[in-house]
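The lines below spell out each chain.
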Amino acid sequence: MSAKLYNQLIIPAADGMYRYALSIVHEPETARDVVQDCLAKIWSIRHDLAKIEKANAWAFRIVRNRCIEMLRRDRYADLDEKVVNLQFSGSADQQAINDDQMSWLYDVLETLPAKQREVFHLREVEELSYQEIAETCNLNESDVKVNIHRARKKVKDAMQKIEAYGIAN
Amino acid sequence: MESPIERLIEKYWNGETTLDEEKKVKQYFKTNPALSLESEYFRFLKKKQSIKFDQKVKKNSKRTWLSAAATVTIGLITALLVLQEAKDPYAIDDPQKALEEAKKALMMIGSGLNDGQSYAMELNKINKAKEELKEEDSEAL
Chain A
76 MSAKLYNQLI IPAADGMYRY ALSIVHEPET ARDVVQDCLA KIWSIRHDLA
126 KIEKANAWAF RIVRNRCIEM LRRDRYADLD EKVVNLQFSG SADQQAINDD
176 QMSWLYDVLE TLPAKQREVF HLREVEELSY QEIAETCNLN ESDVKVNIHR
226 ARKKVKDAMQ KIEAYGIAN
Chain B
220 MESPIERLIE KYWNGETTLD EEKKVKQYFK TNPALSLESE YFRFLKKKQS
270 IKFDQKVKKN SKRTWLSAAA TVTIGLITAL LVLQEAKDPY AIDDPQKALE
320 EAKKALMMIG SGLNDGQSYA MELNKINKAK EELKEEDSEA L
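Residue numbers (our numbering), protein chains in the order written: chain A, 76 to 244; chain B, 220 to 360.
Chain A with its partners taken away, still in its complex shape:
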């Protein structure tokens, strides 16, 4: 039964878990390690899966915690600090997407604070509800809404600048 639940709830979430991990650690190999670790951990506690209400958000939270652990282990004291300080080259994502035309979007996302970028990813790519995002990131729902709105506004502003002057910044 628990193995069945694992296959039903967790395996389909693995792609999203990987993308989320990648959005935090930026390295495909590290993101893969994170997901492997999380899948192993979830498998070991699969008997508790029946009690979990929102498996998606729950699995994402496990991914987030593991990412923070990994980043801390790499002597980065704080996730936000790490993500802010990290040169968001987007190389990993760019490799996956491989589209030069979209470089302006990477430039815009680079300027977003870590929290905004994280919330933006969970909403726009993983299509999580405000409540699920709030649970995943330890925020309240209104914070999530505000962060998503700000992130979108920055993207929209950049678009308008490009349309008006040909450059984003």
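Don't read these hints as lab results, they were simulated from the structure. For glycine and all other residues, C-beta sits at the position ideal for the given N, C-alpha and C. Please note that a few of the clues may not be correct.
[Said to hold, decoys possible] A short list of chain B residues far from chain A (calculated; beta carbon distances all over 12 Å):
#  : residue
1  : 234
2  : 235
3  : 242
4  : 245
5  : 251
6  : 254
7  : 264
8  : 270
9  : 274
10 : 285
11 : 287
12 : 300
13 : 324
14 : 348
15 : 356
[To be verified] Interface residues of chain B toward chain A, partial, derived using beta-carbon atoms under 8 Å:
#  : residue
16 : 259
17 : 272
18 : 338
Dock chain B against chain A, hints included.
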């Protein structure tokens, strides 16, 4: 007058859309691709969604090659060593010749032993003479 989809898109940028409405906006841009930046943005999100978790990791491909190369090298060295050991440079294939060689070798050992024995006989003689002298000495005392 704004069309319903335009209103929805505006709502989206203001951060006021529900998940379902956002899906509608995304669907609209998917079915109506344009050369606009807005369209590009939604294509970007779509592409991000297409990134998959690949369990059959390619990350160790370098390591796999190295370990394969190491295995082959070890295998070759072992095979070479085994073959060399099997091929004794002093081996004689012809049994007749081998018998003669063996006899020769045994004769050599035999003659060596004989030589040794003759030296031992001489030593015995000397020892006997020494004993006799000792006995004579003690008698004289």
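Checked hints:
no., hint, result
1, 234, "violated, 3 Å"
2, 235, "violated, 8 Å"
3, 242, "violated, 7 Å"
4, 245, "violated, 9 Å"
5, 251, "holds, 17 Å"
6, 254, "violated, 10 Å"
7, 264, "violated, 5 Å"
8, 270, "violated, 5 Å"
9, 274, "violated, 8 Å"
10, 285, "holds, 17 Å"
11, 287, "holds, 20 Å"
12, 300, "holds, 38 Å"
13, 324, "holds, 66 Å"
14, 348, "holds, 91 Å"
15, 356, "holds, 94 Å"
16, 259, "holds, 6 Å"
17, 272, "holds, 3 Å"
18, 338, "violated, 79 Å"
Of the numbered hints given earlier, the model fails hints 1, 2, 3, 4, 6, 7, 8, 9, 18; all others are met.
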